[in-house]
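Each chain, written out:
2 protein chains.
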Amino acid sequence: MAEHKRGRQTVVFRNPPVITHTFSIAGPKEGRGPLGGKFHRVLPDLYYGEKSWEKAEIKMLRDSIQELLASANLSPGQTDLVLAGDLLNQNIAASFALRELPIPFVGLFNACATFADALLLGAMLVDGGYVDTVVAAASSHYATAERQYRYPLELGVQRRPTAQRTVTGSGAVLLQTGGKAPGPKITAATLGIVQDMGLKDVNDMGSAMAPAAAATIEAHLSDLGRKPDYYDLIVSGDLASVGLAITKELLQQKQISVQNNMSCCGIMIYDLARDGVEAGGSGAGCSATVFAAHLYRELVAGNLHKLLFVGTGSLHSPTTYQQGESIPTIAHAVAVEA
Amino acid sequence: MAEHKRGRQTVVFRNPPVITHTFSIAGPKEGRGPLGGKFHRVLPDLYYGEKSWEKAEIKMLRDSIQELLASANLSPGQTDLVLAGDLLNQNIAASFALRELPIPFVGLFNACATFADALLLGAMLVDGGYVDTVVAAASSHYATAERQYRYPLELGVQRRPTAQRTVTGSGAVLLQTGGKAPGPKITAATLGIVQDMGLKDVNDMGSAMAPAAAATIEAHLSDLGRKPDYYDLIVSGDLASVGLAITKELLQQKQISVQNNMSCCGIMIYDLARDGVEAGGSGAGCSATVFAAHLYRELVAGNLHKLLFVGTGSLHSPTTYQQGESIPTIAHAVAVEA
Chain A
-3 MAEHKRGRQT
7 VVFRNPPVIT
17 HTFSIAGPKE
27 GRGPLGGKFH
37 RVLPDLYYGE
47 KSWEKAEIKM
57 LRDSIQELLA
67 SANLSPGQTD
77 LVLAGDLLNQ
87 NIAASFALRE
97 LPIPFVGLFN
107 ACATFADALL
117 LGAMLVDGGY
127 VDTVVAAASS
137 HYATAERQYR
147 YPLELGVQRR
157 PTAQRTVTGS
167 GAVLLQTGGK
177 APGPKITAAT
187 LGIVQDMGLK
197 DVNDMGSAMA
207 PAAAATIEAH
217 LSDLGRKPDY
227 YDLIVSGDLA
237 SVGLAITKEL
247 LQQKQISVQN
257 NMSCCGIMIY
267 DLARDGVEAG
277 GSGAGCSATV
287 FAAHLYRELV
297 AGNLHKLLFV
307 GTGSLHSPTT
317 YQQGESIPTI
327 AHAVAVEA
Chain B
-3 MAEHKRGRQT
7 VVFRNPPVIT
17 HTFSIAGPKE
27 GRGPLGGKFH
37 RVLPDLYYGE
47 KSWEKAEIKM
57 LRDSIQELLA
67 SANLSPGQTD
77 LVLAGDLLNQ
87 NIAASFALRE
97 LPIPFVGLFN
107 ACATFADALL
117 LGAMLVDGGY
127 VDTVVAAASS
137 HYATAERQYR
147 YPLELGVQRR
157 PTAQRTVTGS
167 GAVLLQTGGK
177 APGPKITAAT
187 LGIVQDMGLK
197 DVNDMGSAMA
207 PAAAATIEAH
217 LSDLGRKPDY
227 YDLIVSGDLA
237 SVGLAITKEL
247 LQQKQISVQN
257 NMSCCGIMIY
267 DLARDGVEAG
277 GSGAGCSATV
287 FAAHLYRELV
297 AGNLHKLLFV
307 GTGSLHSPTT
317 YQQGESIPTI
327 AHAVAVEA
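These protein sequences, in sequence, are chains A and B. Going by the working numbering, the residue at position 303 of the first sequence is 299; the numbering climbs one at a time, nothing skipped. Going by the working numbering, the residue at position 161 of the second sequence is 157; the numbering climbs one at a time, nothing skipped.
If you are wondering where the hints come from, they were derived from the structure by calculation, not from laboratory data. None of these values were measured; they are calculated from a predicted model. Treat the hints with caution; some may be incorrect.
Which copy is meant is left open, because identical chains are indistinguishable; a pair holds if it fits in one copy or across any two.
As the list claims (entries may be wrong) - Calculated lysine to any residue pairs in the SDA-like style (CA-CA distance at most 20 Å, straight line):
#1 K47 - G320
#2 K1 - P72
#3 K34 - E294
#4 K47 - P314
#5 K1 - G125
#6 K1 - N11
#7 K1 - Q74
#8 K176 - E(-1)
#9 K196 - E96
#10 K223 - I252
#11 K250 - L42
#12 K47 - T315
#13 K1 - N257
#14 K1 - E142
#15 K196 - Q318
#16 K176 - A68
Let the sequences and hints guide you as you build the complete structure.
Next comes the structure, spelled out in structure tokens:
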């Protein structure tokens, strides 16, 4: 069996890559939320000085990567690879962001699990000695996502209580070969398998994603022979309140109790009682932004020691919805330890 | 510097992964082309027994992976990872294909360079000992791409001479740890950097992609200290006739002559003088299908010994075109040696 492989879906790292720097940008609504003081930059409005929301999202992702590299005193020429993605058709936020950054680039897409994809692939490539310095990044934008996936904002469509609000935000993190600098390390990762329970309600992605989150967490713990309390925190990105409750219940049915140590980036980023965001946040930028702004700082500050970060993605499109298809989902897990 | 890294953009493999099996499916027009006898399966029509073209593309990609695994006598449970992507919004061909295949999955998107992404990432993960058995796959479909990117087929819009025809096809290949079985090996890979010369004509993607192809080929040869004639064949996927001529000229300006040993999957798959495909083929499935059906067989048969496979992608979307943006492009190179 492959040297780093454990069980069916998990890999462990021999030379765990270090997350040395992070940078996050959040939208105005997110800036007024509970994590408002932690984002590296908060936008004054959804346009960020650009003529369209799409151009604003591109700029947000590009600036996150540029500021990340500046904080690490690295030029693009000293950076080996960017692994990035977003929710827009043809991944244009990532592709256009990279237009002005001469760095090798591979685009990823697993919907809101894209940032987890980038973290786990980046960790393998650094650990394996293929690259020294990798940026993992993702973005999403409320206004670009709404008009692409659902309705034009101007239509003012009422949202259902199970709906999630796409986070305006981008997060970028720098993975480097262990020993280069101190920082939390990526120690293991579990690759997710697509799940589809036949759910078709695109206004309830949390219920659709819960089986994927539960399956990946179960596989991770089983592959490594760990109990859930090995982790201070298991955090999904982004089941939101409906999906989180179902995930906890699904795991409980298998005698895996995460009642006291599991939360969700989509819940942390808003005040659900106050912000009018229904079940909570979603979007590829949700978990990326919360990780880069908040979870990383908690690991560095010693408030968290062992984190299991579980990116969750709903892999449908408006076309599949219109053609009557159900919603396939996926979750990838990354263990980060201080 | 990272153990496997050479120069700025290239990695070499210590335990080169072997491509042990391939499977290809092509559309009816491709089946009547010069490679018609080589595809593992040719569809009778664009629907493949499904109710929509999108469902047909999903089935095509799923069947390619299933038949690939069957030919290798592997169950999904014995397969470590699928790396796959396509051109459809939200990568639905890959995501929905994986719905019925319980195999860990990471979705990729670099437009028509997606298959090269899958090959090079898959090779790193096998060589590094993270997985033993990886499927790299990609698809595209003439009718799904036309109505998503351009016009409904029913409109009968006339095409420009520089336009490329999206190939209906899917290709899947199996990468395994060296020593498991004989076959051509992936020995090196060069990660591409996004290029954008300001071109805006979405009916001429070849001209937009040529600088990316030339830059990656130049970087590959320079990083490894090789001359172009190291390779029996340098093949792009898919510059087509307009982009190939420009790429050759750009390289010639740098004293790199590929006049006699460079071709393109988008030219090989059609009879350009007869098939009415303008400049030639394109689509994520073009290079995947030609590699799986033709190039791989040539390597196995000993007609090719050293191949440089250069996936090229045009990273725009209809939205960026409508917003007046130019076309960023990328190319990744993979060296395959018999």
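We went through each hint and held it up to the structure:
Proximity of K47 to G320 under the C-alpha cut-off of 20 Å is restricted to the inter-copy arrangement: shortest distance 11 Å between copies versus 35 Å within a copy. In this homomeric assembly, K1 and P72 come within 20 Å of each other (Cα to Cα) only across copies, at 16 Å, whereas the closest approach inside a single copy is 32 Å. In the homo-oligomer, the alpha carbons of K34 and E294 lie at most 20 Å apart inside one protomer (11 Å), although the nearest pairing across protomers, at 56 Å, exceeds that limit. In this assembly of identical chains, the alpha carbons of K47 and P314 lie at most 20 Å apart only when taken from different copies (17 Å versus 25 Å within one copy).
In this homomeric assembly, K1 and G125 come within 20 Å of each other (Cα to Cα) both inside a single copy, at 17 Å, and across copies, at 7 Å. In this assembly of identical chains, the alpha carbons of K1 and N11 lie at most 20 Å apart whether taken from the same copy (14 Å) or from different copies (17 Å). For a Cα distance limit of 20 Å, the shortest separation of K1 from Q74 across copies, 13 Å, qualifies, whereas the shortest one inside one copy, 30 Å, does not. For the homomeric pair K176 and E(-1), the shortest alpha-carbon distance between copies (15 Å) is at most 20 Å, but the shortest distance inside one copy (24 Å) is not.
For the homomeric pair K196 and E96, the shortest alpha-carbon distance between copies (17 Å) is at most 20 Å, but the shortest distance inside one copy (39 Å) is not. Taking the shortest alpha-carbon separations for K223 and I252, only the intra-copy value of 8 Å comes in at or below 20 Å, while the best inter-copy value is 58 Å. Taking the shortest alpha-carbon separations for K250 and L42, neither the intra-copy value of 43 Å nor the inter-copy value of 44 Å comes in at or below 20 Å. Taking CA atoms no more than 20 Å apart as the test, K47 paired with T315 passes between copies only; the shortest distance there is 13 Å, against 27 Å inside one copy.
With identical chains, the CA atoms of K1 and N257 are never at most 20 Å apart, being 26 Å at best within one copy and 40 Å at best between copies. With identical chains, the CA atoms of K1 and E142 are never at most 20 Å apart, being 39 Å at best within one copy and 41 Å at best between copies. Taking identical chains as interchangeable, the C-alpha atoms of K196 and Q318 lie at most 20 Å apart only when both belong to the same chain, with a minimum of 10 Å there against 31 Å between chains. In this assembly of identical chains, K176 and A68 lie within 20 Å of each other by CA distance solely inside one copy; the values are 11 Å within and 42 Å between copies.
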